[in-house]
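Colleague: From first to last, the protein sequence lines are chains W and S. Taking my numbering, the leading residue of the first sequence gets 1, the next gets one more, and so forth. Taking my numbering, the leading residue of the second sequence gets 1001, the next gets one more, and so forth.
Read the hints as simulated data drawn from the structure, not as lab findings. Positions of the beta carbon are idealized from the N, C-alpha and C atoms, including for glycine. Not one of these hints is a red herring.
Residues from chain S that face chain W, not an exhaustive set, calculated with beta carbons under 8 Å: (1) Ala-1069; (2) Trp-1070; (3) Val-1181; (4) Gly-1182; (5) Cys-1193; (6) Val-1233; (7) Leu-1253; (8) Trp-1260; (9) Leu-1261; (10) Pro-1336; (11) Gln-1345; (12) Tyr-1347; (13) Met-1350; (14) Asn-1351; (15) Val-1353.
Not the full set, but computed from the structure, chain S residues with beta-carbon under 10 Å of chain W: (16) Gln-1076; (17) Val-1183; (18) Ile-1194; (19) Asn-1239; (20) Leu-1349.
Residue-level listing of the chains:
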Amino acid sequence: MDIRVRPVMIGAAAVAALWLAVIPTEGQAPSTGLFPSYTSPRTPDGKPNLNGIWQAFTTANWDIQAHGAQPGPHPELMGAWGAGPGGQSIVEGGEIPYRPEALAKKKENFEKRMAVKATNDPHRYDSGEPELQCYRPGVPRANYMPFPFQIFQTPGEILMVYEYKGAVRTIYMDPHREAPTDSWMGWSNGHWEGDTLVVDVTALNDHTWFDRAGNFHSDELHVVERYTPISPYHMKYEATIEDPKVFTRPWKMSFPLYRRVEENAQLVEFNCVPFVEELMYGPLGLYKPPSK
Amino acid sequence: MHNRVLALFAVVTVTTMIVLCTPFLVAQAPSGTKSFDTTATDPEKSIKAAADRAKAESGAVNWTPPRTAWGDPDVQGYWLTATYTPLQRPAALAGKPFYTEEEAIAAFKKAVESDAEVDPRTVHYDWKEYGMDGWQSPVRPNRRTSLIVDPEDGKLPALTPEAQKRQADARAAARARNPQVGVQTLGSLYTRCITGNNAGPMTRGGAPGSDSAAGAAGVTAEAQLIQSPGYAVLIMQSNSDARIIPLDGRPHLASNVRNWLGDSRGHWEGNTLVVETTNFIAPGTNFLGATQNLKLIERFTRAGPNTLRYEFSFDDPSTWARPWSAETLLPRVEPPLYEFACHEQNYGLMNVVKGAQIRETEEAAKKGSAK
Chain W
1 MDIRVRPVMI GAAAVAALWL AVIPTEGQAP STGLFPSYTS PRTPDGKPNL NGIWQAFTTA
61 NWDIQAHGAQ PGPHPELMGA WGAGPGGQSI VEGGEIPYRP EALAKKKENF EKRMAVKATN
121 DPHRYDSGEP ELQCYRPGVP RANYMPFPFQ IFQTPGEILM VYEYKGAVRT IYMDPHREAP
181 TDSWMGWSNG HWEGDTLVVD VTALNDHTWF DRAGNFHSDE LHVVERYTPI SPYHMKYEAT
241 IEDPKVFTRP WKMSFPLYRR VEENAQLVEF NCVPFVEELM YGPLGLYKPP SK
Chain S
1001 MHNRVLALFA VVTVTTMIVL CTPFLVAQAP SGTKSFDTTA TDPEKSIKAA ADRAKAESGA
1061 VNWTPPRTAW GDPDVQGYWL TATYTPLQRP AALAGKPFYT EEEAIAAFKK AVESDAEVDP
1121 RTVHYDWKEY GMDGWQSPVR PNRRTSLIVD PEDGKLPALT PEAQKRQADA RAAARARNPQ
1181 VGVQTLGSLY TRCITGNNAG PMTRGGAPGS DSAAGAAGVT AEAQLIQSPG YAVLIMQSNS
1241 DARIIPLDGR PHLASNVRNW LGDSRGHWEG NTLVVETTNF IAPGTNFLGA TQNLKLIERF
1301 TRAGPNTLRY EFSFDDPSTW ARPWSAETLL PRVEPPLYEF ACHEQNYGLM NVVKGAQIRE
1361 TEEAAKKGSA K
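All chains, full assembly: derive it from the sequences and hints.
Modeller: This is the structure:
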């Protein structure tokens, strides 16, 4: 997968150049909807300051496309707790340009979303929704999980720590670094375009989904993220999704990120591994020692 | 060179991950394993290089660290927690807290040679194939004969009667189960991928590679410390555990909120970052038998341009008769860290539990037929 990195970087540069052309004023974010144009405060090294705890308030984790409220997979057990809220699409234009065979796969994914396969062979990932098994969410999904995440900026690296599973990713600003191999959270190199943090994410494996609805990608997924501060308390998040194995063309998602402003706000550990052990290993007789 | 060694190590880590959690799992070597850098596969050369590095940094005792742009002492970097120094002082070294420099190198040499019983240049199959031995990292000799500096005898203080009873009860409960082993009753949080090796105290000492518990000190022993205004963050290579440390004096989480990695708060004492961690979930065997009442204090001080002094103390009146403290020096290592997705491919866990259950069944059958 390393071979893929360089062409992808060039592609990102070209895409970035296009975006640059539409940014009205260098160092200032365009006005978006409710917000007048805004210039972010600076870090000590003069970069836009994105430090803080952020959270998306969308229902995209259930389905990144428009969806009505729905019962959970086990209403007889979970009642309203298991039900999913309705919500609007975060996909620009609403439609995801799946290749025909990929669309069939997406439907199949939804059907088997509750399948859990704890095996010691590669079929482990030929199972249901990765979140159900407490797998790392990948990018961009980590950013719209219903959990906060925290950004820590240094001149060389920007660290993002996600409350969900304590997943971490480092965005290499200077120097950029090459991905060693595919991983769940991928490999991120970033740069600034005015007030916007642009992150090129490659080397993502094909085990994560975009949501609980079965929207998926392959290991050719390439994500370019844009984080733009639009007020002291809001960022605009945009991601361009490219995956020629699964989609006929690149597509875009966007949603706002909200700053968590509660006094002493902090991430509280959500280590879901112990929460899924019984689900995953119980059927194999491995979870609890059987009583005498 | 170190960069390359670490990079290779980490790629192996990323692609095989959980195998490291299960030292008693015998598995195939990955195909296409690169030949190692010759200087990192020759114990003699490694020992000499390690001694030189230790010497080069030993003079810088009163080193003044640089400051961050916002004025805090800068303790950032990638640091190695691997050590060949045992947590507790061996009986043979009673009354001798320090080696001479020559003795320290000799002890280091002895530890490396026992760790390097398999020549990594030859074709072989053992679990170390998935990770480097401790001596292949920038680990250094240490003049201390134990990590524990308080009590002065370098030994853990006596267990409280309460802790003795707790441990006896746990053993009795384990005996009462048949089979005894299930995922839920495994002692190691690392084998279950709940936390990594460096959760809580970043090192527990030992001779890496010599046994599974001590081996924990030698594999995936890198840790990154970064700072942003008002925060320090520790990221462990092992399990990619991250601890966020607010520095603004805020109170701890409510006492009923419990984390596997605890709840950390930090402040500066001179050039030293002092971190207090509480609110642990009963950490058990992974923290030497400590309970959820553990208060872990860690002190991070730059001892030299390429050395971080790491001190930690355990205060758990439910377990030890008095608090105890340990100290070690962490050498700087090259970036970066890599994703350690432990739970995501924890096939080792299934094999370990299945194997242990089969062994227990066999033993029970043996006992039955002997009657």
